[in-house]
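Chemist: Now for the letters of each chain:
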Amino acid sequence: MKTTIVEKTAFNILRQAVIFLPADVKGALRKAYQTEVSDAGKTQLCAILENVKLAERSCVPICQDTGTIIFYVKAGADFKDLNMVEEALITAIRRATEEIPLRPNIVDPFNNKNSGDNTGRFVPFINWEIVAGDSLELTVMPKGAGSENVSVMGVLLPGEGLNGLKKFVVDAVVKAGAQPCPPVVLGVAVGGGADIAMKLAKQALLRPLDMPNPNPQLARLEKELLEAVNMTGIGPMGLGGKITALRVHVDYASRHTASFPVAVAFNCWAARKASARIYANDSVKYLTHKTEVN
Amino acid sequence: MATYCLRTPISREDISKLKVNDVIYISGTVVTARDQAHKRALEYFQSGKLLPVNLEGLAVFHCGPVVKKKDAEWVVLAAGPTTSIRMEPFEADFIENFKVRVVVGKGGMGLNTTQAMVRHGCIYGAFTGGAAVLAAKSVKKVKDVKWLDLGVPEALWILEVEEFGPVVVAIDSYGCNLFLEVAREAEESKRQIYKKLGL
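If you're matching them up, the sequences are chains A and B in order.
If you use our numbering, the first sequence corresponds to residues 1 to 294, in order.
If you use our numbering, the second sequence corresponds to residues 1001 to 1199, in order.
In short, the hints are calculated from the structure, not lab data.
Treat each hint with caution, since some may be false.
Claimed, not checked - Here are the simulated SDA-like pairs of lysine to any residue, each with C-alpha atoms no more than 20 Å apart in a straight line:
no., chain 1, residue 1, chain 2, residue 2
1, B, Lys1195, A, Val131
2, A, Lys175, B, Pro1052
3, B, Lys1069, A, Pro101
4, B, Lys1146, B, Pro1052
5, A, Lys2, A, Gly76
6, B, Lys1140, A, Cys59
7, A, Lys42, B, Asp1022
8, A, Lys167, B, Arg1191
9, A, Lys167, B, Ile1085
10, B, Lys1069, A, Val60
11, A, Lys199, A, Asn149
12, A, Lys167, B, Lys1039
13, A, Lys242, B, Gln1192
14, A, Lys242, B, Lys1099
15, A, Lys113, B, Leu1148
16, B, Lys1140, A, Asn149
17, B, Lys1190, A, Leu162
18, B, Lys1019, B, Lys1070
19, B, Lys1070, A, Val60
20, A, Lys242, B, Glu1181
21, B, Lys1039, B, Leu1077
22, B, Lys1099, B, Lys1195
23, B, Lys1068, A, Glu99
24, B, Lys1039, A, Asn112
25, A, Lys167, B, Ser1189
26, A, Lys74, A, Val131
27, A, Lys242, B, Lys1039
28, A, Lys223, B, Tyr1044
29, A, Lys113, B, Ser1027
30, B, Lys1137, A, Gly116
31, A, Lys175, B, Thr1083
32, A, Lys242, B, Glu1185
33, A, Lys53, A, Thr288
34, B, Lys1190, A, Val150
35, B, Lys1068, A, Lys2
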């Protein structure tokens, strides 16, 4: 039965994501510690690295805000029981909430009633992509509220173009200040439409921090934006310093000639994510973390 | 930047030594309080009722911990700071009425709190956001919990801590506010950044 393996794998990647920060993020934080010059900033990065180590050692979540759970699913068109995947993911979240445990964060927006199990209407949100083949790739992003609360999207004038985009990103970072728990990862996207720009911006947070953008023009833009936001002096946890962002990732969609949507998604330093691929023969390959447990 | 180890009850003299950017480690009693607990505490004060714990000289921590009960005893698993600015409407009165000496949280606080800290000898300290396991490690014991009817995150958790930190002094009793300073400089940096980007 496919659903059992989907549920088990989803549970495992949830556990990996909230307890073990992936190697690319840890690497970027270590480098940030070496590069940071402000005393207050260095103190924060040192505490962050120690916290990451303690979470690993004691197998408890890195941060008490275990976030809203979002899934990205690359579904092979020939994978069996695709119609049951959603239910399996929901079951995995309920079990993870109790067993890991995750903090129950999900409430009804009108009456504030907490579901108690981290599920709700459109939670988890599942981003589906149908691909060729018979395997199923699952990615989970537990997204904390501090960084989510400063996400912004806007529709600029096409005449403002790329310059407008750059100003929009810098302004968003300055306005966000200490709130998103810097050093942050920024996902920036342009084009598509209001919803598509934000979807791409958020998805851009998943790209490994040590993987350069394959598009050289975007790679240059990412570097330029990173240098720009790190000139704000906001620094680790907003206490002042050089490292406000670890990386800026840019993506785009083609746009309507009369429309220039831009979106900026923030991730806190605890940029949590985990992926696994389930094959037709029920074998599982963990893609972001070494083994089933870490 | 100096490092200090403080033990509760903390005196006004201890507080007057501290300047922004100093690092402190707190031992003794720390009490968690978020929006709901601040609100109720002020209501108690207004109606002349005593709080279930005397906060004089103690540290208040903006935190909703993850806890579990083990053999009838509470254990704190994760206890990172929450966003302090939510407590801004209450904090000035809270400091004045209950004589707390240290407020710990993340993201900083505003002008009203800063002025109350100057008047009454109190500081605000930033604990690293998200460093929930590090914070929990310094909790040696849950001494008591009050107002659990507000829910686990909002209750008053009375914690015995040993070297709780590092806490960076971000508002001192002389009116320096590191977060507001950094935010102002970031705002001012925009002009130079725009120039570099050719805008």
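Chemist: Regarding the pair lysine 1019/B and lysine 1070/B, is the alpha-carbon distance no greater than 20 Å?
Modeler: Outside the cut-off at roughly 40 Å; violated.
Chemist: What's the verdict on lysine 242/A and glutamate 1181/B, does the C-alpha distance respect the 20 Å limit or exceed it?
Modeler: The hint holds at about 15 Å.
Chemist: Given the proposed pairing of lysine 74/A with valine 131/A, does the C-alpha separation stay at or below 20 Å?
Modeler: It holds: about 6 Å lies between the C-alpha atoms, which stays within 20 Å.
Chemist: Does lysine 1140/B pair with asparagine 149/A here, judged by a C-alpha cut-off of 20 Å?
Modeler: Given pair lysine 1140/B, asparagine 149/A is violated - Cα atoms ~33 Å apart, limit 20 Å.
Chemist: Compare the distance between the alpha carbons of lysine 167/A and serine 1189/B with 20 Å, and conclude whether the hinted pair is satisfied.
Modeler: holds (12 Å)
Chemist: Just to be careful, I want the Cα atoms of lysine 1146/B and proline 1052/B compared with a cutoff of 20 Å; is the pair within it?
Modeler: Distance ~7 Å between lysine 1146/B and proline 1052/B Cα, so the pair holds.
Chemist: Is the straight-line distance between the alpha-carbon of lysine 1195/B and that of valine 131/A 20 Å or less?
Modeler: Violated: lysine 1195/B and valine 131/A sit about 44 Å apart, past 20 Å.
Chemist: Quickly compare the C-alpha distance for lysine 113/A and leucine 1148/B to 20 Å and report which way the hint goes.
Modeler: The given pair, whose Cα atoms are some 17 Å apart, holds under the 20 Å limit.
Chemist: Given the proposed pairing of lysine 167/A with isoleucine 1085/B, does the C-alpha separation stay at or below 20 Å?
Modeler: violated (27 Å)
Chemist: Just to be careful, I want the Cα atoms of lysine 1140/B and cysteine 59/A compared with a cutoff of 20 Å; is the pair within it?
Modeler: holds (19 Å)
Chemist: Verify the proposed pairing of lysine 1068/B with glutamate 99/A, using a straight-line Cα cut of 20 Å.
Modeler: holds (12 Å)
Chemist: Is the hinted pair lysine 242/A and lysine 1039/B satisfied, with a Cα-Cα distance of at most 20 Å?
Modeler: The given pair, whose Cα atoms are some 37 Å apart, is violated under the 20 Å limit.
The structure fails hints 1, 2, 9, 12, 14, 16, 18, 21, 22, 27, 28, 29, 30 and 35 (numbered hints given earlier, in ascending order).
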